[in-house]
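First to last, the protein sequences are chains A and L. Using the numbering used here, the first residue of the first sequence is number 1, and each one after it goes up by one. Using the numbering used here, the first residue of the second sequence is number 1001, and each one after it goes up by one.
Treat the hints as calculated values from the structure; they're not laboratory data. These figures come from a predicted structure and were not determined experimentally. Each residue gets a CB set at the ideal place from its N, CA and C atoms; glycine is no exception. Be aware that one or more of the hints could be misleading.
No farther apart than 25 Å at their CA atoms in a straight line, the calculated lysine to any residue pairs in the SDA-like style are these [unchecked claim]:
{"no.": "1", "chain 1": "A", "residue 1": "65", "chain 2": "L", "residue 2": "1034"}
{"no.": "2", "chain 1": "A", "residue 1": "172", "chain 2": "A", "residue 2": "45"}
{"no.": "3", "chain 1": "A", "residue 1": "97", "chain 2": "A", "residue 2": "224"}
{"no.": "4", "chain 1": "A", "residue 1": "65", "chain 2": "L", "residue 2": "1030"}
{"no.": "5", "chain 1": "A", "residue 1": "172", "chain 2": "L", "residue 2": "1069"}
Which stretches of chain A does chain L cover? Using the computed rule of at least three CB atoms under 8 Å from a CB of chain L, they are [what the hints assert, rightly or not]:
{"no.": "6", "segment": "17-30"}
{"no.": "7", "segment": "46-57"}
{"no.": "8", "segment": "199-206"}
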Amino acid sequence: MARDRNSQVDYARPVRRILIGVLVVLMLGTFLLWRIDSPRVERFRATLVDRVVPSFDWALLPVTKLVGLVEGFQSYARLSEQNQELRRELRQMKAWKEAALQLEQENAKLLDLNKVRLDPKLTYVTGVVLADSGSPFRQSVLLNVGARDGIVDGWATTDGLGLTGRISGVGKNTSRVILLTDSNSRIPVTIQPSGQQAILAGDNTAAPLIEFLENPDQVRPGDRVVSSGDGGVFPAGLLVGQVALDPERRLRVRLAADYERLEFLRVLRSHAHEVITDTGGLIAPPPPPAAPLAEAAEPAETVAEEGTDG
Amino acid sequence: MVDPATTQRWGYRLLFVALAAVLLFLRLLPLDTMPATLPGPDLLLCLSFAWVQRRPDIVNPFLLGALLFLSDILLGRPPGLWAALVLLAAEFLRSRHQGSAEMPFAIELAFVSGTVIALAVAYWAALGIFAVPHPGLDELLMQAIFTLMAYPVVAGLSRLAFNIRRLSPGETETGALR
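Bound-form chain A, shown alone (with noise of 0.2 Å):
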């Protein structure tokens, strides 16, 4: 009996032993494929995704909400607390109001005085929040809307406020946003009131480094920044947040979206832009096609003949 089994182990070790490595092999494989062909893989990554969480939907929503509640319940512990800050808050929200009715009443005029037409294709989609990326050094979300709903490549997403990242990766009816936090991100920015060009660049930090910026001495904490639409990927103008010093003394930016709780995010819709690509006559039009410039020619020629017979 013993034997018997001894036997058994016998062959079925190495046997193992070769699947295993075939699986390894396989696995290695699945990884040198996503280096060399990157799309396609991330491709069958988004539609593997598609399938797999959405079926945790009816899960993900209620425990999230859930852990929401608990919190919600540990901030009223200290409520009164909590009514001081907010009645502070109040008063210079109240400042803050008149101010921006006068700004907008002005702007309004302004605008009206100086015939702009804001582009009015800049509509969003809204999504909910599914998950998020689940790894330590990686910063995205995944939403509950996708190829079906239109969502593109590249759009833009904000919280309402703020710019939270770009689309990257669409399944049928989900998406993944890459946030600005995510080292892998990379958005043009113009810094306000300077207006000098920079590099917003996420590196796994709560606050994304500014980089690129020509002249960093005309650029102080608490400067605005906003999206600059620079490479044709991000409408222009999109608040992203204000300028800090980190203690290293690196310029960063302290994000105007609300990153400790995304719950909805608006997919902004960006139409391709109108490339121009020649650079146009520069005095005459274009000439005329060839076969009426050969009639034309002929007489003129006689003309000229006439001319010297004459």
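Following the hints, complete the assembly by docking chain L onto the known chain A.
Below, chain L alone, put in the same frame as chain A:
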């Protein structure tokens, strides 16, 4: 007639899959979308390593491979690399187990520490070689340390809650090596 040991083994396998699914689910919950200052432990890694050394018959390499690959896909890692490395590491720990049925926990922890740190370094090196944008070695090692801190807890809880412990040589005879 199904052997009761087989039934039990498949029960435990289902339990393993369910636990892995719960861990994955918890990590996907959009509770905190702020970037974390410290990376948390990789609990799926703790669970697989703790179980593969206690009950190697439960943690089937193909099951483990499938779970790891799925988590690679869902968590946005480069697909396949981490799964392959962890699978090889688990097989290494399994082969260690074969020799010594009675292993003090301190030695086990030392082996697991070596393996987890080697995993982090190998992962970092592989990503570097293939020029994939990747987290720094310090961050990966930090995560490895948190994983190691969580390891005794996971091992203890598996023992308390699910009675996952090393089988004595007599018991291994009944549940064959598979």
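- request: Report the numbers of all earlier hints that the structure fails to satisfy, in ascending order.
  value: none
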